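As you go down the protein sequences, you meet chains A and B in turn. According to this note's numbering, the first sequence is numbered sequentially starting from 1. According to this note's numbering, the second sequence is numbered sequentially starting from 1.
Calculated directly from the structure, the hints in this document are not laboratory data. Heads up, some of the hints might be wrong.
A partial selection of chain A residues facing chain B, derived with a Cβ cut-off under 10 Å [claimed, not checked]:
hint	residue
1	GLU12
2	GLY24
3	LEU89
4	PRO90
5	GLU94
6	GLU95
7	TYR117
8	TYR121
9	ASN133
The model shown is predicted, which means the values in this text are computed figures rather than measured ones. Heads up, the beta-carbon is just placed ideally off N, CA and C, and yes, glycines get one too.
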Amino acid sequence: MEAILSPADAVEVYGNMVFRAAFGIVKSQQDAEDIAQDVFFSLVRTNPRFSSAEHQKAWLLRCTFNRCNSYFRSAWHRHTTSLEDYHNLPFTPEETYVLDTVAKLPVKYRQVIYLHYIEGYSTAEIAQLLHRNQNTILSQLSRARTHLKTSLKGDF
Amino acid sequence: MSYSDLYRNAMEKATARDAWKAETIEKITAMQSSHKKNTSVRHICFTAFRHSMVPLASAALIALMFFYSKNDFLSPSLSDSSNNTPYVAAFSANDTASIQEQTAPIGRSRSIAIFPNIVEAPTPEQALPSDSCSLDDAVVSTEQYDQAVALLEAQLMEQSQDGTLPVVLTKSDIVAQGYFSANDTISVVFALPATSMGENLYYVYEIPLI
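Using the sequences provided together with the hints, build the complete structure.
Shown next, in the form of C-alpha cells:
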C-alpha cells in the first residue's frame with residue numbers, strides 16, 4: 001500500500017496529475033498552474049485526514065475540479081477572453097486538433113474523459129470521485145465519445 | 001495512432017514546463033511553519049473553551065491575536081498585505097459558563113459553537129477594514145462575506161422553525177456581528193436574542209472556502 005504523502009512530496013508525485021486535470025478543463029497553461037498551486041496550498045491549509053494514498057489522490061483531483069469550477073464562476077474569467085495558450089506548446093497539429101475538439105466539450109464531459117482516458121479510472125471510481133451516479137457517468141462518457149467520434153470523424 | 005493516444009500524448013507534453021512545482025514547494029514550506037503555530041493555538045483555544053478552562057482559553061486567544069497581528073506569521077506572499085487585522089475579539093475572559101459545541105448537519109457549515117454571555121462582538125464594518133481582509137491567502141471579499149451571511153441566515157431561520165435552535169427567531173433577530181478568516185474558512189459570528197436562561201447566545205459558523 002502506498003504511503004500518504006506530505007504536501008511537498010505530493011507536489012512532486014501528483015503535481016503533473018493535478019496540472020493535467022486543471023489544464024484539461026481550463027485549457028490555459030498559466031491558469032492550470034495557478035489552480036494546481038492553489039490545490040496544494042489547500043492541502044497544507046486544510047490538512048485533511050486521508051485513509052489511504054488513493055484517498056489523497058482522489059481528494060486532490062476533486063479539489064482540482066472544484067477549483068476549476070470556481071475559475072469558471074470567477075468574475076475574472078467571465079470578463080476576459082482566453083487566448084487558449086496551449087497553441088504555444090509543442091503539440092503536433094493532430095494533437096492540437098484533438099485537444100481543441102475535447103476542449104469544446106462541456107466541462108462535465110471533459111472531466112469524465114480526462115479521468116477515464118488519462119487517469120484510467122473506471123466509471124464506478126469516477127462516480128465516487130465526482131459524487132455522481134455511476135449511470136450518469138456511463139451516459140456522460142458515452143455522449144462524450146459520440147460527440148468526439150462525430151467531430152473527429154473516427155473512434156476516440 | 002488513435003485519437004485517445006494523441007490526447008494522452010498532448011496531456012503528457014503539457015506537463016513539460018514544471019517550474020511552478022519548485023515555486024509551490026517553496027511556498028508550502030513557508031506556509032507549513034506558520035500554519036503549525038496557527039493550528040496549535042486554535043486547537044488549545046477551542047479545547048479550553050469546551051472544557052470551561054477560561055483562563056487557558058483567554059491566554060490562547062491572546063496568543064492567537066498576537067500571532068495574527070504579526071506579519072511574519074503570514075506566508076511570504078501575503079506579508080505585504082496592509083490589512084491583516086483579524087476579528088478575534090468575540091470571546092470574553094469573564095465568562096465561566098460551559099461551552100457547548102455541536103455538529104451542524106446543514107449546508108456547508110462545519111460546526112456551531114454556542115458561547116453564552118460573551119462580550120459584544122465588533123460590527124461587520126469594524127471587522128472588515130476595507131473591501132477584503134486577509135489572514136492567509138484565503139482572502140475573504142465583502143461579496144463572499146455577504147454570500148456567507150445570507151446562506152447562514154437562511155439556515156438559522158430554518159433551524160429556528162424546525163425547533164433545532166433553543167430560541168425562535170425572526171429575520172430581524174439575526175445579526176451578523178463579525179467574522180474571522182483563517183485556514184481556508186470564514187467564521188461568521190451571529191448574535192441571537194437572550195434565552196429564558198437570560199443568556200445571550202453567539203453562534204459561530206465555520207464555513208470552508210473551498
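Structure-based check of all given hints:
1. GLU12: 7 Å, holds
2. GLY24: For GLY24 (chain A), the interface hint holds, since the closest Cβ of chain B sits about 7 Å away, which is under 10 Å.
3. LEU89: With Cβ-Cβ at 6 Å, under 10 Å, it holds.
4. PRO90: 6 Å, holds
5. GLU94: 5 Å, holds
6. GLU95: 4 Å, holds
7. TYR117: 5 Å, holds
8. TYR121: Because about 14 Å separates TYR121 (chain A) from the closest Cβ in chain B, which is outside the 10 Å limit, the hint is violated.
9. ASN133: Interface hint status for ASN133 (chain A): violated (22 Å vs cutoff 10 Å).
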